[in-house]
Amino acid sequence: MAIKLTERAAQEVMRFRKEHNFDDSMVLRIGVAGGGCSGFNYTLNFDDSFDAKADSKYDCHGVSVVVDKKSSLYLDGTEVDWYDSLEKQGFTFNNPNAVKSCGCGSSFQA
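For the sequence shown, counting from 1, position 26 maps to 26 in full-length UniProt numbering; every step adds exactly one.
In case anyone wonders, no lab produced these hints; they're calculated from the structure.
Note that beta-carbon positions come from the ideal geometry of N, C-alpha and C, so glycine has one too.
Just to be clear, a hint being listed does not mean it is correct.
Claimed, not checked - Under the rule of at most 16 angstroms between Cα atoms (straight-line distance), these lysine to aspartate or glutamate pairs were calculated in the EDC-like manner: (1) 57 with 79; (2) 4 with 51; (3) 4 with 19; (4) 69 with 51; (5) 4 with 76; (6) 18 with 47.
Stated by the list, open to error - What follows is a list of derived Cβ distance ranges for each label pair: (7) 53 with 89: 35 to 41 angstroms; (8) 52 with 23: 25 to 31 angstroms; (9) 83 with 17: 16 to 22 angstroms; (10) 16 with 77: 21 to 27 angstroms; (11) 2 with 33: 18 to 24 angstroms; (12) 19 with 49: 32 to 38 angstroms; (13) 69 with 48: 26 to 32 angstroms.
When you get a sec, could you build the whole thing from the sequences and use the hints?
Encoded structure:
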C-alpha cells in the first residue's frame, strides 16, 4: 500500500505551489515526527530532494509525494484529504494505523 492524496488535496497542493512560485520539481514530503498530544505529529512540507534508497515516491493526481521509509511504517494506507468549512480548513489524515488520534487531527498514536 501507499499514501494517497485525494483529488481535492492535490488541487490544494498545486494551488499552494503556484501561489508561492514553487518549482514543479519540488515534491510534497509527508512524514511523521515524535510529539503532539498523542505521540506522533504528521508533517507536510515541500522538498527538492528525493533519495531512492531512503524514500518512497508516489504520484497522486499530478502531485509527487515523497515519504521516508521510517514514516512509511506509520503512514501505509493513509489518505490525505483537504477539508474546507466555515469553522475549519486544512489537510486531514485518514490513517488506518492510528489507534488513537487527538481532537486537532494533527497527532496520533500507533
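Structure-based check of each hint:
A distance of roughly 15 angstroms separates the Cα atoms of residue 57 and residue 79; the hinted pair therefore holds under the 16 angstroms criterion. The hinted pair formed by residue 4 and residue 51 fails the criterion: a straight-line CA distance of about 19 angstroms is larger than 16 angstroms. Restraint check: the Cα-Cα separation between residue 4 and residue 19 comes to about 23 angstroms, which exceeds 16 angstroms; the hinted pair is violated. Restraint check for residue 69 and residue 51: satisfied, since their Cα atoms lie roughly 10 angstroms apart, inside the 16 angstroms limit.
Straight-line distance between C-alpha atoms of residue 4 and residue 76 comes to about 9 angstroms, which keeps the hinted pair within the 16 angstroms bound. Between the alpha carbons of residue 18 and residue 47 the distance comes to roughly 15 angstroms, so the proposed pair stays at or under 16 angstroms and holds. At about 36 angstroms, the CB distance of residue 53 to residue 89 agrees with the hint of 35 to 41 angstroms. For residue 52 paired with residue 23, a C-beta distance near 20 angstroms fails the hint of 25 to 31 angstroms.
The supplied range of 16 to 22 angstroms is met by residue 83 and residue 17, whose beta-carbon atoms lie about 19 angstroms from each other. Range check, residue 16 to residue 77: Cβ separation about 24 angstroms, and the 21 to 27 angstroms hint holds. About 20 angstroms separates the C-beta atoms of residue 2 and residue 33, a value consistent with the hinted range of 18 to 24 angstroms. Between residue 19 and residue 49 the Cβ separation comes to about 22 angstroms, which falls outside the hinted range of 32 to 38 angstroms.
The hinted window of 26 to 32 angstroms between residue 69 and residue 48 is violated, with their beta carbons roughly 19 angstroms apart.
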